[in-house]
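Chains A and B supply the protein sequences, listed in that same order.
Going letter by letter, the first sequence gives residues 275 to 603 in the numbering used here.
Going letter by letter, the second sequence gives residues -2 to 350 in the numbering used here.
By construction, these hints were calculated from the structure, which means they are not laboratory data.
The beta-carbon is built from N, C-alpha and C at its ideal position, and this holds for glycine as well.
Any given hint might turn out to be false.
[As the list claims (entries may be wrong)] FRET-style restraints, in silico, Cβ to Cβ:
1) A:E549 / B:S230: 39 to 49 Å
2) B:S230 / A:D424: 25 to 35 Å
3) B:A278 / A:N370: 40 to 50 Å
4) B:E94 / A:R599: 49 to 59 Å
5) A:Y421 / B:Y226: 27 to 37 Å
6) A:G363 / B:R231: 19 to 29 Å
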Amino acid sequence: MNRIATTPGLFPLPDDAKETLSDLKGHQKHDLVSGDEGPEIEATYDDVREELVGLQRDAGLDRVVEGQARWDDMLAHPLTVHENVETGGIVRYYDNNNFYRDPVVEGELTFSGDLAGDLEKAAELTDGLQAVVPGPYSLSELATDEYYGDDERFLAAVADFLAGEVEAFPDVETVFVLEPSLVTDPPAEGEDERASEAIDTVAQAADADVVAHTYWGALEEKVHAHLLDAGVDAIGYDFVTNHEDNLYNVTEYGTKDSVALGVVDGQNTLVESPETIRERVDWFRDSVPEAIEFEDAYVTANTGLFYLPVNRFEQKVQALADATREVTA
Amino acid sequence: MSSNREQFRPDGHDNDHFLLTTVVGSYPKPKWLDRASDLHEDPEASFGDEELAEAEDDAARLITNEHERAGLDVVVDGEMRRNEMVEFFADRIEGYEFNGPVKVWGHNYFDKPSVVDDVSYDESWLVDEYEFTASVADRPVKVPITGPYTLASWSFNEAYDGDDELAYDLADLVNEEIEKLVDAGARYIQIDEPALATTPDDHAIVGECLERIAAGIPDDVRIGLHVCYGDYSRIYPEILEFPVDEFDLELANGDYEQLDVFKDPDFSKDLALGVVDAHVAEVESVEEIEANIRKGLEVVPPERLTVSPDCGVKLLPREVAYEKMANLVAAARNVEAGLDDGTIDVPAAPADD
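Please model the complete structure; the sequences and the hints are all you need to start from.
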């Protein structure tokens, strides 16, 4: 089992950038990232990207993310910057004490290129680049559709849109597709199959290993079973918030040839030591029957890391890197 | 009616009926106070602790008097000394540490503290604030305290097995603080639990916290619970079991869509009804507020109705905040007069005590 240290991205802004950007952009909802920032704001984000990529490289992570500093609206970002999407009110982000602008889709979800643009800049700064995208099911759940008319068409449209964005990516090693809504708002009968097909659509567009990463609990058994049908290389499980049910899903139904293990808490300042991280990964390996073999195990935080203050975020990145450095068995 | 309510009726109150008027707590800070805080943080400006304390005293006196000028029956100092509703308390409780700001939304951040050890009581949190406000006020003073469930939920928990365990320990500290406030003369305490709105399934934890908070507190001390911006149907009627006198609810913002939630079963506590919106900068007219107050009378009779804004008003322009308070009081007095002379009926039947 080859252990690969990585994260699901969505990093906190460095503290000086928090101040610089809020001075440049403002505090109100119409001041947030729209996709056509002025040169000064763009330059600040370029600096932030360089800093975030640099600290992952210095720490020694095996996969390096762009950091998603521009994602003011977290996973809803690809839509909130889209030209045919209006941003509505500020709404709660899952059951967190965080808020984002409700993306109201009012026209066709045409190609945007926003994600590829950031990744191209990151690709100049590092090897081992990992892209991060919201999963089509989660993104459709976070948005309000006023154009496609029904859930089925909307989900398919979001999947096609994301596939188009992914196709435009520069060379990346891995694509993390984040699907928390599959856990928090499980798709109903029939919808579960379509959610899996939607993920498959996005995965087929990638010329890289694709990880469908879930968090904030464990997938319902049927949803998990359908997800196994998607053409992804790995499924990610959150062992921080629910290790028992996630382990059950893997041992009972199997998983893909590779796996992502969310073993570091992205939402708590308590920093896991490299030993603790290793123990958790070992526990997983020892708990799954030996007959089930794994190619790669992505060792990662369960969630994005913007929940954390900068010092603890940096320590967690370092701990993840250290946890895989000495052991590759 | 809670037996401790009548003590807040002002001497010489004009009407037979009495609708208790008050505020939730926070009020816009005068710009000069923000400047003073900035100066205090600037190591090169010779503006020390004493100078800041003087500025805070001045602001607390000013806003307390502003509340009195608006005619409110029970006043607060507008929380002039508090920076943020979790930070302020975490700063004073042993066991907490701060690591830096985290995102709430966009470029709005919050110094979310971490609980790194068992929490314990050190210095008093609010006794000085209460004593000063009471000394400059002619009206009774209410003390808002961030509740233990919110203090626990809006912190990183590194030290306790569960957030419930942390909340219970914090509740014991809140109880200790309230005892000190009562010794200092406080008779009206409001526990703020906005976090309950985001995780309504935890109402039993909040209930257990309140049992600990209310333990040993004399009956003449009025205890209210403020919960805002949530789906009340998920916590009602369970909250009626909580050992508090009054629930302070935000309903104007949703245009009283949730009012019916509180009609079945009967609302058996006192109701502090939000009658002006804390997040809309237009000032509601007296007539509009009168109509809102009458919504409250659909739920409780006048002797159990308190009238207040939806929530803390600190985000409003100060002029707007003041006019909302003044109109709120004028509307309450008009409704009292209408109840006195029978032009306003009481739809809610008196409670069977």
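### Query
Does the Cβ distance between E94 (chain B) and R599 (chain A) fall inside 49 to 59 Å?
For E94 (chain B) and R599 (chain A) the Cβ distance comes to about 29 Å; the hint is violated.
### Query
Could one say that the CB atoms of G363 (chain A) and R231 (chain B) fall in the range 19 to 29 Å?
Given about 21 Å between the Cβ atoms, the range holds.
### Query
Holds or violated: 39 to 49 Å for the Cβ distance of E549 (chain A) and S230 (chain B)?
47 Å, holds
### Query
So the hint says 27 to 37 Å: do the beta-carbon atoms of Y421 (chain A) and Y226 (chain B) match that?
Given about 29 Å between the Cβ atoms, the range holds.
### Distance restraint hint 40 to 50 Å, applied to the beta-carbon atoms of A278 (chain B) and N370 (chain A)
Violated - the Cβ-Cβ distance for A278 (chain B) and N370 (chain A), about 28 Å, lies outside 40 to 50 Å.
### Task
Indicate whether the distance between the beta carbons of S230 (chain B) and D424 (chain A) respects the range 25 to 35 Å.
Holds, since S230 (chain B) and D424 (chain A) (Cβ atoms, about 28 Å apart) stay within the stated range.
Hints 3, 4, counting from the list given before, are not met by this structure.
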